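Assemble the whole structure, with the sequences as input and the hints as a guide.
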Amino acid sequence: MPIYKQVKTQEGAQTRFSIASICRAEKNKDPHTSILGKLFSGKPLPDGASFVLVVNETPGADLYCFVSANDGRDRSYLEDHKRDIVTRLDGLTVSDGRDLAWCADRFEVEIRQRDIEDVENDALRKLEPHAVGMLRAAPLISELDNALTAILTCIAREARAKEVTTWTAEEFHTKLQSCISKAIGVGQNGELQPLIPLRDKLAPAGVSEAEAARIADTMTRFRRLYRSSVGLQQETFNDLSDDIHAICTEVMAKRRGGEISAGAESYMKTLEQVKNLPQVISGEIPLRHAHALLSDITARCQNRYADAS
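This note's numbering applies: residue 699 is where the sequence shown begins, and numbers increase by one.
Misleading hints may appear alongside valid ones.
Claimed, not checked - List time: in silico DSS-like cross-link candidates among lysine-lysine, alpha-carbon distance up to 27 angstroms: (1) K873 / K703; (2) K824 / K706; (3) K741 / K873; (4) K780 / K736; (5) K727 / K741; (6) K952 / K967; (7) K725 / K706; (8) K780 / K824; (9) K725 / K741; (10) K703 / K727; (11) K952 / K973; (12) K703 / K780; (13) K703 / K725; (14) K967 / K873; (15) K706 / K873; (16) K824 / K725; (17) K780 / K725; (18) K741 / K706; (19) K703 / K824; (20) K741 / K780; (21) K727 / K706; (22) K824 / K880; (23) K736 / K873; (24) K736 / K706; (25) K952 / K873; (26) K736 / K703; (27) K703 / K741; (28) K824 / K952; (29) K736 / K725.
No lab work stands behind these hints: they were computed from the structure.
Bear in mind the structure is a predicted one, so any value in this text is a computation, not a measurement.
Here you go:
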């Protein structure tokens, strides 16, 4: 039977979670937008279903009555607090002909003493096997971060929608693979992708599709080199990436400030500054690698050489 869990963390908060706070509507006094409203609503409720709110700090006394590991909880007060939940969530509708009292009877609180860093590290560990399965190699930490951000953004976007979205395990797996693919730039067959957005980002600079395809090919080969690099070589690439990011930010600011034109001139100014980086001039970094890293950054950033219309 399904166990529906919602995780809420607090970092040094002045107030603790209480029945009032988890039943408080976030938008337009709609109980469906409360923490508990989101936990109870929009999902199948077969016999045996239960609900768990996972928190990382000890909640207030009223909510503490629902802590599953609290063997000494006062059962008489527990019934009072269940009725309080039903009253505060008045107007909330749940599935399968159930009512709020049915949900409250099956609600528990779990305390797990973890901070946001612990939660993120646990999520990254669980995400890594999926990335390895697609990439056929260990992903970079930064790539896992990007993939985790992508899937959380997708979930948050769905959570803000008026209509509740439910995913089957297969649908979520497909969504997860899609987010990993976009974040890491890898296809279902494990092949690194040329990141089609690169073509779109270079188009305002007058770069033809054929030229963009050659640039993407160089970028893809560099990404394989970066993935295999370790130690000093990887540090050198990371430093170069920081320098190129700084150049891109400066050129973008000048373009938006009217000092240089959008399109071809912005692209040319960026290439000139990359070419004149000390590590490129000295030969420490081949120009082709610097150009490839610029292309990778361009593909991952928005509106690098021209703002969206």
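Quiz item: Okay, which hints does this one fail, numbers in order?
Solution: 8, 14, 16, 25 and 28
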